[in-house]
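Number of protein chains: 2
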Amino acid sequence: MRIRLYNARLLTMESREVTEGTLIVKNDLIEYIGCDAEAPAGDFDREIDCKGNLLMPGLKDAHTHTAMTFARSLADQYSLDDWLHKAIFPLEAKLTAEHIYWFTKLGFAEYIRGGITACFDMYFQSEAVAKAAIETGMRNVFCGSVNDYGGIDRLEEEYNHFNSIDPLVSYKLGFHAEYTTSEDIMKTISDIAHKYKAPVYAHISETASEVAGCKERYGMTPAQLFDKLGLYDFGGGGFHCVWFDEKDMELYKNKGLYAVFNACSNLKLASGIAPVSKFIENNINIAIGTDGAGSNNSLSMFREMYLDTVLSNIAEEEAAAVDPFKILKAGTSGGAYCMGLDDCDLLKAGKKADIIMLDMRHPNMNPVNNIPANIIYSCDVSSVLMTMINGNILFENGEYTSLNIDEINSRCAELIKELR
Amino acid sequence: MRIRLYNARLLTMESREVTEGTLIVKNDLIEYIGCDAEAPAGDFDREIDCKGNLLMPGLKDAHTHTAMTFARSLADQYSLDDWLHKAIFPLEAKLTAEHIYWFTKLGFAEYIRGGITACFDMYFQSEAVAKAAIETGMRNVFCGSVNDYGGIDRLEEEYNHFNSIDPLVSYKLGFHAEYTTSEDIMKTISDIAHKYKAPVYAHISETASEVAGCKERYGMTPAQLFDKLGLYDFGGGGFHCVWFDEKDMELYKNKGLYAVFNACSNLKLASGIAPVSKFIENNINIAIGTDGAGSNNSLSMFREMYLDTVLSNIAEEEAAAVDPFKILKAGTSGGAYCMGLDDCDLLKAGKKADIIMLDMRHPNMNPVNNIPANIIYSCDVSSVLMTMINGNILFENGEYTSLNIDEINSRCAELIKELR
Numbered sequence: 000m001r002i003r004l005y006n007a008r009l010l011t012m013e014s015r016e017v018t019e020g021t022l023i024v025k026n027d028l029i030e031y032i033g034c035d036a037e038a039p040a041g042d043f044d045r046e047i048d049c050k051g052n053l054l055m056p057g058l059k060d061a062h063t064h065t066a067m068t069f070a071r072s073l074a075d076q077y078s079l080d081d082w083l084h085k086a087i088f089p090l091e092a093k094l095t096a097e098h099i100y101w102f103t104k105l106g107f108a109e110y111i112r113g114g115i116t117a118c119f120d121m122y123f124q125s126e127a128v129a130k131a132a133i134e135t136g137m138r139n140v141f142c143g144s145v146n147d148y149g150g151i152d153r154l155e156e157e158y159n160h161f162n163s164i165d166p167l168v169s170y171k172l173g174f175h176a177e178y179t180t181s182e183d184i185m186k187t188i189s190d191i192a193h194k195y196k197a198p199v200y201a202h203i204s205e206t207a208s209e210v211a212g213c214k215e216r217y218g219m220t221p222a223q224l225f226d227k228l229g230l231y232d233f234g235g236g237g238f239h240c241v242w243f244d245e246k247d248m249e250l251y252k253n254k255g256l257y258a259v260f261n262a263c264s265n266l267k268l269a270s271g272i273a274p275v276s277k278f279i280e281n282n283i284n285i286a287i288g289t290d291g292a293g294s295n296n297s298l299s300m301f302r303e304m305y306l307d308t309v310l311s312n313i314a315e316e317e318a319a320a321v322d323p324f325k326i327l328k329a330g331t332s333g334g335a336y337c338m339g340l341d342d343c344d345l346l347k348a349g350k351k352a353d354i355i356m357l358d359m360r361h362p363n364m365n366p367v368n369n370i371p372a373n374i375i376y377s378c379d380v381s382s383v384l385m386t387m388i389n390g391n392i393l394f395e396n397g398e399y400t401s402l403n404i405d406e407i408n409s410r411c412a413e414l415i416k417e418l419r
Numbered sequence: 000m001r002i003r004l005y006n007a008r009l010l011t012m013e014s015r016e017v018t019e020g021t022l023i024v025k026n027d028l029i030e031y032i033g034c035d036a037e038a039p040a041g042d043f044d045r046e047i048d049c050k051g052n053l054l055m056p057g058l059k060d061a062h063t064h065t066a067m068t069f070a071r072s073l074a075d076q077y078s079l080d081d082w083l084h085k086a087i088f089p090l091e092a093k094l095t096a097e098h099i100y101w102f103t104k105l106g107f108a109e110y111i112r113g114g115i116t117a118c119f120d121m122y123f124q125s126e127a128v129a130k131a132a133i134e135t136g137m138r139n140v141f142c143g144s145v146n147d148y149g150g151i152d153r154l155e156e157e158y159n160h161f162n163s164i165d166p167l168v169s170y171k172l173g174f175h176a177e178y179t180t181s182e183d184i185m186k187t188i189s190d191i192a193h194k195y196k197a198p199v200y201a202h203i204s205e206t207a208s209e210v211a212g213c214k215e216r217y218g219m220t221p222a223q224l225f226d227k228l229g230l231y232d233f234g235g236g237g238f239h240c241v242w243f244d245e246k247d248m249e250l251y252k253n254k255g256l257y258a259v260f261n262a263c264s265n266l267k268l269a270s271g272i273a274p275v276s277k278f279i280e281n282n283i284n285i286a287i288g289t290d291g292a293g294s295n296n297s298l299s300m301f302r303e304m305y306l307d308t309v310l311s312n313i314a315e316e317e318a319a320a321v322d323p324f325k326i327l328k329a330g331t332s333g334g335a336y337c338m339g340l341d342d343c344d345l346l347k348a349g350k351k352a353d354i355i356m357l358d359m360r361h362p363n364m365n366p367v368n369n370i371p372a373n374i375i376y377s378c379d380v381s382s383v384l385m386t387m388i389n390g391n392i393l394f395e396n397g398e399y400t401s402l403n404i405d406e407i408n409s410r411c412a413e414l415i416k417e418l419r
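One line per chain: the protein sequences are Z and P, in this order. Mapping to numbering that gives the first Met the number 0: the first sequence position 353 is 352, numbers consecutive. Mapping to numbering that gives the first Met the number 0: the second sequence position 271 is 270, numbers consecutive.
Derived by calculation from the structure, the hints in this document are not laboratory data. Hints should not be assumed to be uniformly reliable.
Only pairs whose alpha carbons sit at most 35 Å apart, straight line, appear in this in silico DSBU-like list of lysine-lysine [stated by the list, open to error]: (1) Z:K350 / Z:K25; (2) P:K350 / P:K196; (3) P:K347 / Z:K93; (4) Z:K85 / P:K325; (5) P:K130 / P:K85; (6) P:K85 / Z:K85; (7) P:K93 / Z:K50; (8) Z:K130 / Z:K214.
One-sided and incomplete, this derived list gives chain Z residues near chain P with beta-carbon spacing under 10 Å [said to hold, decoys possible]: (9) R71; (10) D75; (11) S189; (12) H193; (13) R302; (14) L310; (15) P323.
Chain P regions said to be covered by chain Z (calculated; three or more residues, Cβ under 8 Å) [said to hold, decoys possible]: (16) 21-34; (17) 121-131; (18) 226-235; (19) 400-408.
Here a beta-carbon is modelled for each residue, glycine too, at the ideal position from N, C-alpha and C.
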């Protein structure tokens, strides 16, 4: 399969420069990107006139719980603790593989509609998620979701299994959080990490009370505890990172760990505002995620990137506290590196064809003063014209190619009616 | 012209209830809204199967500077003061009626694409704006933009003229702000307000330094000063309202004034976060605006409504500090009342047909646990399927009916090239 996309604007994300030219996809890879004149010829299965619209790397959702679409607008009145214990955990206890399969497909539909080409999913019933991903053509990286209620006995097996079944699927070691996982279990995870020289990920410093509780239990912050337990010896990172102190930041910097921000969820649950500009000043690796739809309530990376940029202005009491291009990098290549998708980072020959097309005719992009700034400050899901993952076009002209959205909506409607 | 919209979900905004049924538009008015069975028959010029999608009142952008689309992503690095003096004022000095006409049309395109059916526009070259509005079919309410650099000599004439030329166009008395307008000019505006028993609007308490400066100059806050000068004797309101104190709030409550929030602009320019939940607790009239695209940088009421809801959680350190339905009311009927569009507030027989259709098939709306909450927490511009103003469908199936977006984009591109 060979596709020629011509007459495009190109934002490779290697720099903030936007050029005009052609991109050729061969099977799952980018074969060529550059000016029209030097593009290789030959036969193409499809030729797409991009009409001046913008091609760029797909957005990477570096922290989510995809199947939590079931909880969208279901229990909006709670803070994190009540939300988990009163609303989410009781419903989650009822979720079967069938629920996970359909609500994951609903989440995939939202990712694809919104230009998200890979997600870092922490949930359960992984077999159902993998099936949904492979059927859909979605790039899904699992993050282990071990906690005191289960998962540790399956972690190593899942790690080996889901890292071998399909090119679209991979698996990273992970656990829920310090406050839900005993020291013994964390030590076992550390042992597995050392055995495979593998990075480890978990929720971290999401709320002030989580950090206070950890200090009470262990005399140190979650980041420092994880490091002490050897969990970070082969890299990894943390989700949320709202309440990091300077020592946490130094640790993340020195170990090359990834701080993954989830601004919408933090606002919704009143958890706080992550000090994004501080992470950037300190040259810490950063990525961005939506968290689950239950606490967001959308799965829009545009909204996340926008908030990571402008909320810093309030935190720092200074306009333009953060360069929007750095946030766009976090939302694309940063997320890719965080999830171990090193070949999904840029538009470049030899890289995976995980590509989106943004609408340059949309009034929110005009006049064209600064395209990367527009993407952060102005665009939303309505800007996405096409989403391609692994060389396959999954969304185009307002329609899905691999998903039946009416069937998904109707199955999810039936399933949530039973659950509630 | 008579249009039947059937098989719809209906959110009238009289309550948070969503029903199923039919809406009939006759010329510029809603003729009928209710169940299918009782809908009047007769001939229709068009019959639209809404396929279960949602009809609701159009969003009202209650504070904007439409033609400032020219400044989108043009000078993102400044705080309010520098942004105005270094970037915006020098360029504004060059703007002709032709610039205003085209950049206003670009803004109208963005409103219509985003479900905004009326805007409260404070800028200049009003004749060019009115022309653009009438040609487009956009409902445009002018707000006087008097300041020390001009406008006071034309205010009364503009007020009379633009309140008589076309049903789509109206005009409210207004001035830029205390810090740009002398006491003498404010007194003259107050005289005009008393002559016509008319409400008055202005930017107010946008930054902490503005309030401090006003206190230094007059020994009181802008709200208290405007009240003392008689500017609020016939109602009106203020834009931004970030730094209101308790006395300001009491004044706004007692006089029935409208506080108009502009969250995106306040984040972008690091002005602060308006205490939205306090206004709601105190039963103060509220509305929502985008401000201009230069300081936003989009014109999305969805993003504004989302932020007015979730930012309160951070300010109050409490999840669900604000009921999203109250914000949705502020974004629809609240804006309408603020702008004097009392017949554009609800879906109800006899009201103006200013109606939008939102996509219920969109994954961000599913499963359908709570539609008003979904609109606030999940939807964005991609949810808008149709926008009707004054009975005319202006956006449908991804296309404009009264605007040539390619011509607008290309004219704006040429004009900004000359300006920069």
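Hint-by-hint comparison with the structure:
1. Z:K350 / Z:K25: This hinted pair holds, its Cα atoms lying about 11 Å apart.
2. P:K350 / P:K196: Between K350 (chain P) and K196 (chain P) the Cα gap is close to 25 Å, so the pair holds against 35 Å.
3. P:K347 / Z:K93: Roughly 42 Å between the alpha carbons, so the hint for K347 (chain P) and K93 (chain Z) is violated.
4. Z:K85 / P:K325: holds, 25 Å
5. P:K130 / P:K85: holds, 30 Å
6. P:K85 / Z:K85: Roughly 52 Å separates the two Cα atoms, so the pair is violated.
7. P:K93 / Z:K50: It holds: about 32 Å lies between the C-alpha atoms, which stays within 35 Å.
8. Z:K130 / Z:K214: Violated. K130 (chain Z) to K214 (chain Z) sits at ~40 Å, over the 35 Å cutoff.
9. R71: Check passed: Cβ of R71 (chain Z) comes within 6 Å of chain P, closer than 10 Å.
10. D75: For D75 (chain Z), the interface hint holds, since the closest Cβ of chain P sits about 6 Å away, which is under 10 Å.
11. S189: Violated: closest Cβ of chain P sits about 33 Å from S189 (chain Z), beyond 10 Å.
12. H193: Not OK, violated: H193 (chain Z) not within 10 Å of chain P, min 39 Å.
13. R302: Holds, about 7 Å.
14. L310: holds, 7 Å
15. P323: Hint holds; P323 (chain Z) Cβ to chain P Cβ min 7 Å, cut 10 Å.
16. 21-34: n = 0 at 8 Å, threshold three: violated.
17. 121-131: violated (count 0)
18. 226-235: Violated - the region 226-235 of chain P has 0 residues with a Cβ nearer than 8 Å to chain Z, which falls short of three.
19. 400-408: Result for this restraint: holds, n = 4.
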